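Protein chains in written order, with the numbering used here: chain A, 1 to 534; chain B, 1001 to 1216; chain C, 2001 to 2312.
Errors might be hidden in some of the hints.
Unchecked claim - Residues of chain B placed beyond 12 Å of chain A at every Cβ, according to the derived structure:
1. MET1036
2. LEU1080
3. GLY1092
4. THR1134
5. PHE1148
Unchecked claim - Quick list of simulated restraints, FRET-style, between CB atoms:
6. SER2057/C - PHE343/A: 47 to 57 Å
7. ALA417/A - ARG2021/C: 42 to 52 Å
8. ALA2061/C - ILE34/A: 53 to 63 Å
These aren't lab readings, by the way, just hints derived from the structure by calculation. The structure presented is a predicted model; accordingly, all values stated were derived computationally and were not measured. In this text, a Cβ means the ideal position worked out from N, Cα and C, and glycines have one as well.
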Amino acid sequence: MSATLPGSYLTQGYTLGSWLATRDHKRIGILYAIAVTLFFFLGGAAATLIRLELATPAGDLVSADTYNKLFTVHGVVMVWFFLIPSIPATLGNFLVPLMIGAREVAFPRLNILSWYIYVLGGLFTVAMLVEGGVDTGWTFYTPFSTMFSNTHVIAAAAGVFIVGFSSILTGLNFIVTVHRMRAPGMTWFRLPLFVWALYATSLILVLATPVLAMTLTLMALERVLHIGIFDPALGGDPLLFQHLFWFYSHPAVYIMVLPAMGVVSEIITCFARKRIFGYRFMAYAILGIAAFGFLVWGHHMFVSGQSVYAGMVFSMLSFMVAVPSAIKVFNWTATLYKGSIVFSAPMLYALGFVGLFTIGGMTGLYLATLAVDVHLTDTYFVVAHFHYIMVGGAVMAYLGGIHYWWPKITGRLYSEAWGRVAALVIFFGFNLTFFPQYLLGYLGMPRRYHEYAPDLQLLNVLSSGGASILAVGYLLPLAYLGWSLFKGPPAGRNPWHAKGLEWTTSSPPPPENFREVPVVTEAPYAYDPEEPVR
Amino acid sequence: MSAAPSPVPAAIPADIPWRRETDSLGMWIFLATEAMFFGVLFLAYAHARIADPAGFGVASRLTHAWLGTTNTAILLTSSLTMALAVRNGWAGRRRSVIALLWATAALGAAFIAVKGVEYALEWRDGLVPVLRFTYAGSHAQAVERFFFLYFAMTGVHAVHLSIGVALVAWLAVRDRDPSHPVRRRETAECLGLYWHFVDAVWIFLYPLIYLVELWR
Amino acid sequence: MNERAGWVLPAASEAAQRVDRIFFVLLAVTSVVAIAIAVVIVVFCIRYRRSARADRSNAPAGKPWLEYTWTAAPMAIFLGFFAWGAVVYAGFYGHADGAMPIFVVGKQWMWRVEHPDGRREIDELHVPLGQKVRLVFATEDVIHSFYVPAFRMKQDAVPGRYTEVTLTPTRLGTYEMHCTEYCGTDHARMGGRVIVMRPEDFARWLAEGGRRSSMAARGFAAFRRLGCSGCHDPRSTVHAPDLTGLYGRTVHLQDGRTVVADDAYIRDSILLPKRDVVAGFDPVMPSFQGQASEEDILDLIAYLKSTGGREP
Chain A
1 MSATLPGSYL TQGYTLGSWL ATRDHKRIGI LYAIAVTLFF FLGGAAATLI
51 RLELATPAGD LVSADTYNKL FTVHGVVMVW FFLIPSIPAT LGNFLVPLMI
101 GAREVAFPRL NILSWYIYVL GGLFTVAMLV EGGVDTGWTF YTPFSTMFSN
151 THVIAAAAGV FIVGFSSILT GLNFIVTVHR MRAPGMTWFR LPLFVWALYA
201 TSLILVLATP VLAMTLTLMA LERVLHIGIF DPALGGDPLL FQHLFWFYSH
251 PAVYIMVLPA MGVVSEIITC FARKRIFGYR FMAYAILGIA AFGFLVWGHH
301 MFVSGQSVYA GMVFSMLSFM VAVPSAIKVF NWTATLYKGS IVFSAPMLYA
351 LGFVGLFTIG GMTGLYLATL AVDVHLTDTY FVVAHFHYIM VGGAVMAYLG
401 GIHYWWPKIT GRLYSEAWGR VAALVIFFGF NLTFFPQYLL GYLGMPRRYH
451 EYAPDLQLLN VLSSGGASIL AVGYLLPLAY LGWSLFKGPP AGRNPWHAKG
501 LEWTTSSPPP PENFREVPVV TEAPYAYDPE EPVR
Chain B
1001 MSAAPSPVPA AIPADIPWRR ETDSLGMWIF LATEAMFFGV LFLAYAHARI
1051 ADPAGFGVAS RLTHAWLGTT NTAILLTSSL TMALAVRNGW AGRRRSVIAL
1101 LWATAALGAA FIAVKGVEYA LEWRDGLVPV LRFTYAGSHA QAVERFFFLY
1151 FAMTGVHAVH LSIGVALVAW LAVRDRDPSH PVRRRETAEC LGLYWHFVDA
1201 VWIFLYPLIY LVELWR
Chain C
2001 MNERAGWVLP AASEAAQRVD RIFFVLLAVT SVVAIAIAVV IVVFCIRYRR
2051 SARADRSNAP AGKPWLEYTW TAAPMAIFLG FFAWGAVVYA GFYGHADGAM
2101 PIFVVGKQWM WRVEHPDGRR EIDELHVPLG QKVRLVFATE DVIHSFYVPA
2151 FRMKQDAVPG RYTEVTLTPT RLGTYEMHCT EYCGTDHARM GGRVIVMRPE
2201 DFARWLAEGG RRSSMAARGF AAFRRLGCSG CHDPRSTVHA PDLTGLYGRT
2251 VHLQDGRTVV ADDAYIRDSI LLPKRDVVAG FDPVMPSFQG QASEEDILDL
2301 IAYLKSTGGR EP
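My request is simple: use the sequences and hints to build the entire structure.
Dropping the structure here:
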């Protein structure tokens, strides 16, 4: 690797052991990146089979039981082994200390421990899949999961339980790091929004994940011991499980989307060469989303038998949580005003995020509306809604971030042409896959169905066709980013001429990040659109 | 935490007060996760109790309130000895620190022993759900749910306490070596936070388990 | 089936029309806003692309009045949609006076429907046009959900309780019905049809199918078959509460609480008898879990209602 600077974190030992025993947050970020990428393609394989099955109305590709296992695997793997760790544990681990001017995270040993815990949870899950899988859906609703499923429910719950501790340790590390290790002059309101986003995400990680851990434990105990916490025949309540589950799983979606929003703020400011519009509003919006996100879980339960009044409270709060998200979209748009815009690959991903997140977020309003949700819940409308946010949003932002910081992380430049092509292929494939699903949902196609009414086939075929294009789009970066590791030109310290402390050090950075402790004197994103770029 | 950030240490740890506050913050956040973890069990308890309050009263009267009260006294005293150990540690009185740490560990171990006795009595009385549950009086279902939650909550608590006892004992052993005194004091302080949290959980558990309709 | 024509889903109930109104207003508003944002982004991207010579002086870093405006305006619009949705939603539940009850029991992987006069159906539900109907849901095993897209109506059937909705069909025809809460292997096959008939046709259909007992009559038979009358008959030697006219009455329990004898209370008394023991009686009633099916319990409730009482 001739382009790698001598004395960078990549040259500090080439053995496998030096990587597996590392305490360097940058190496840990890369370890996570490799792991989450593997799980992304595992979850993607399940999605491929799902969309292949759904290309025809009859359930003729796989058996019903197999299909049920496929959507369960897809959900479990994508949520817990890809989306939740993706940005925080890869880009977050790599960049947070760099962005605040620190040399390390607060607890480096906890950091590498969190990766090992992730791998252990992953191995449990893969073993469970090999043994025959699980068919409860990623939501593990009782009493199906506790009393009726004949699959490896407990092993699946164990895998998720274990990987939850990885999340908790990552969150704990970030909170303490941001509080305690900022460089001189780096006040809270000089922090990049990516750091704000990860800080808020970390608050959710540490407070919500333990609830999931205990809920899955109770579910597993009930399955083994038939206690009666969730079983009405023994005096229990199936809705208690739903409340406990969604108390975690709704904030979990903000774990997935807040870091993505942070990435988008970094990219748009750089490639519009402008300060972010309304920095403080953006920071407060991030905190507002995290806080309100804890109060809306009952919107998953409007037809569950929960009280009508509870439904009203959750509906109102769900509308409120949409407000800070709307503010962010408006502010990103306003940031483009009087900017000097370049349509690099990261910028295409970021702009794609803004558009797709807007659509996904708007459809959330339909679901927050009580009377309308009665029709749309548990249909493909919901599936389309959350994929617009998770895939059109979070995955696009993740890819955008990978491209944006690729030169910093690897010291190499990737091919911009291929980067743009991939972004456009993904954007097009994504919309073709998921937009028809809104129509399917309104027309009454339930989710988790491997058969459907024949007159809905056209929309399903469009969706499956889109999925094949999307698959190509996701494979392209593997190819050209991988190629750049060997043949890409050296990146130099700051190929994008970006602001931010991470760009003041070499690419790739030295092991201790900065040769001297940086001192911060200016506001973040001190871009000037009128200044020539040099 | 001060408004101005502290300078980044060149090699961690070099700046002792900085390290102390950082580790302390880490422990507080960890305790927050533990609170959320236990919180689910408290919620399940609340749900089950609201479903059958009389049943929970019946069940609670079947517990051994004297043993529970004794345990509460033991654990509160252990929090005192732990707090004194931490304070004396910062004041430099090393010998008393070791004694106090051992006292804390011993009291914690005593708690677990009493709990073991209690569990054995509950086994004898046939109050262990699923494994040996022979109670057939009124509100039998609620009683069984109560005892499931009892074993779950006190069991998880006992696991946390055992880990605490082991760590306190380890610290007491390490404290005999006079080198690196400051790092040990920080460790003791963090451990003290953990110990007090485990105590606080018990303070909530105690009335919920032993004092429901005690005088009926 | 007169289901979708192209991409139009028929609106076959009163609720459907109200829901569609909200849906399409939402569609209009969100489309306008989304398109507006898209247009602004595209315009900015073209006007301010790097190679374009545009006025970039005094680029603003924030305008608080603008921020407050685009915080308050969405909030107001959202509150409007919230209120509208909440009001229509509230109309789906309760309001059961004058409604004809129909009982729907889900089980893996079929729906069994029982009309009060005793007519039973499997995977089909016949309802009369223009008549308010109160659907009461129960399940034998896991959570299911009864969904009729043309009615824009969906309700989970939850084990251990009854859930219900009221609706009024407004269009003749045959419509899809699906189970829409994942319930295991054949979840995707657990569907059927809802048939809306003219009231005269519906009455004729009800009368068809040969002699059969009403739910209340079946309940009376179950009351004897399961042995309830052994203790609850006034002439029995066992001291058990008299259930005549119980429905809707206030009941005083042993621990001092009072409850109203509604459907859920009767069901719990049959399946979990030790929980709410009536004051002055011993907890000697056995549970009928596993012996009384969901339909048996619904029939028993209908029988008890027929002995007198009032709406709870």
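Results of checking the hints against the structure:
1. MET1036: Violated: least Cβ distance 4 Å, not greater than 12 Å.
2. LEU1080: Since the minimum Cβ distance to chain A is about 28 Å, LEU1080/B lies beyond 12 Å and the statement holds.
3. GLY1092: Check passes; 26 Å lies beyond 12 Å.
4. THR1134: holds, 16 Å
5. PHE1148: violated, 5 Å
6. SER2057/C - PHE343/A: 47 to 57 Å: Given about 23 Å between the Cβ atoms, the range is violated.
7. ALA417/A - ARG2021/C: 42 to 52 Å: holds, 49 Å
8. ALA2061/C - ILE34/A: 53 to 63 Å: Hint violated: Cβ distance 39 Å, outside 53 to 63 Å.
The structure shown violates the earlier hints numbered 1, 5, 6 and 8.
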